[in-house]
Amino acid sequence: GAGVSQSPRYKVAKRGQDVALRCDPISGHVSLFWYQQALGQGPEFLTYFQNEAQLDKSGLPSDRFFAERPEGSVSTLKIQRTQQEDSAVYLCASSLSEGSAYFGPGTRLTVT
Amino acid sequence: DQQVKQNSPSLSVQEGRISILNCDYTNSMFDYFLWYKKYPAEGPTFLISISSIKDKNEDGRFTVFLNKSAKHLSLHIVPSQPGDSAVYFCAARGDDYKLSFGAGTTVTVRA
Numbered sequence: 001g002a003g004v005s006q007s008p009r010y011k012v013a014k015r016g017q018d019v020a021l022r023c024d025p026i027s028g029h030v031s032l033f034w035y036q037q038a039l040g041q042g043p044e045f046l047t048y049f050q051n052e053a054q055l056d057k058s059g060l061p062s063d064r065f066f067a068e069r070p071e072g073s074v075s076t077l078k079i080q081r082t083q084q085e086d087s088a089v090y091l092c093a094s095s096l097s098e099g100s101a102y103f104g105p106g107t108r109l110t111v112t
Numbered sequence: 001d002q003q004v005k006q007n008s009p010s011l012s013v014q015e016g017r018i019s020i021l022n023c024d025y026t027n028s029m030f031d032y033f034l035w036y037k038k039y040p041a042e043g044p045t046f047l048i049s050i051s052s053i054k055d056k057n058e059d060g061r062f063t064v065f066l067n068k069s070a071k072h073l074s075l076h077i078v079p080s081q082p083g084d085s086a087v088y089f090c091a092a093r094g095d096d097y098k099l100s101f102g103a104g105t106t107v108t109v110r111a
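Heads up: the sequence lines are chains A and B, in that order. Using this note's numbering, the letters of the first sequence map in sequence onto residues 1 to 112. Using this note's numbering, the letters of the second sequence map in sequence onto residues 1 to 111.
Just chain A, same shape as in the assembly:
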């Protein structure tokens, strides 16, 4: 398919573990976003890339969160020393520079 894909779909981590979440955007999409969705809430912005440049990381909740997109395509969101409050669905979205964002299925992270 030509949509945004994310892996893993589900991740269970013990508190204190590091996790890495992967996003494969739609080919040719310049913009890539990460959002965090808590249960019963709408997605909340984490960070934004234009090609390989991270232009906005104002939504990252702490310095334990780190995102990269080194070649301007695949992106990885890393969370170090996970905490229970990090449990959420992490959504990746991509878009052409000014178009509507298309979302992946998300990674559901559960920290125990």
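Hints listed in this document are in silico derivations from the structure and should not be mistaken for laboratory results. Here a beta-carbon is modelled for each residue, glycine too, at the ideal position from N, C-alpha and C. One thing to keep in mind: the hints can contain errors.
Away from chain A, derived, C-beta distances all over 12 angstroms, residues of chain B [what the hints assert, rightly or not]:
#, residue
1, Asn22
2, Lys68
3, Asp84
In the BS3-like style, the derived pairs of lysine-lysine whose C-alpha atoms are separated by at most 30 angstroms in a straight line are [said to hold, decoys possible]:
#, chain 1, residue 1, chain 2, residue 2
4, B, Lys68, B, Lys5
5, B, Lys56, B, Lys71
6, B, Lys54, B, Lys71
7, A, Lys57, B, Lys71
8, A, Lys57, B, Lys5
9, B, Lys5, B, Lys71
With chain A held as given, fit chain B onto it using these hints.
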């Protein structure tokens, strides 16, 4: 600070009738508005959008209305079908491309 609000967490409508979903925003810098539909265990799917220079946009059964003076938009679905049962998110964007979402409205279409 919620800049986009969907005050109705749920809506139940009979098949064939109109569904009306409402959304309010506070940030006057928002100039592009979108509706997304989400099924369980899937990501949000883009449904319809509207630019702030318009007050209405229609796509098949879906119409979005924008009232800038009231900072209010609504999504009309007519006629409602069972496959429309989902969570609907309103989202808004300024010139920085990041989306601000409402908390969502769960629509249930009854047969």
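Each hint tested on the structure:
no. : hint               : result
1   : Asn22              : 15 angstroms, holds
2   : Lys68              : 20 angstroms, holds
3   : Asp84              : 19 angstroms, holds
4   : B:Lys68 to B:Lys5  : 15 angstroms, holds
5   : B:Lys56 to B:Lys71 : 14 angstroms, holds
6   : B:Lys54 to B:Lys71 : 13 angstroms, holds
7   : A:Lys57 to B:Lys71 : 27 angstroms, holds
8   : A:Lys57 to B:Lys5  : 23 angstroms, holds
9   : B:Lys5 to B:Lys71  : 11 angstroms, holds
Checked against the numbered hints given earlier, the structure satisfies every one of them.
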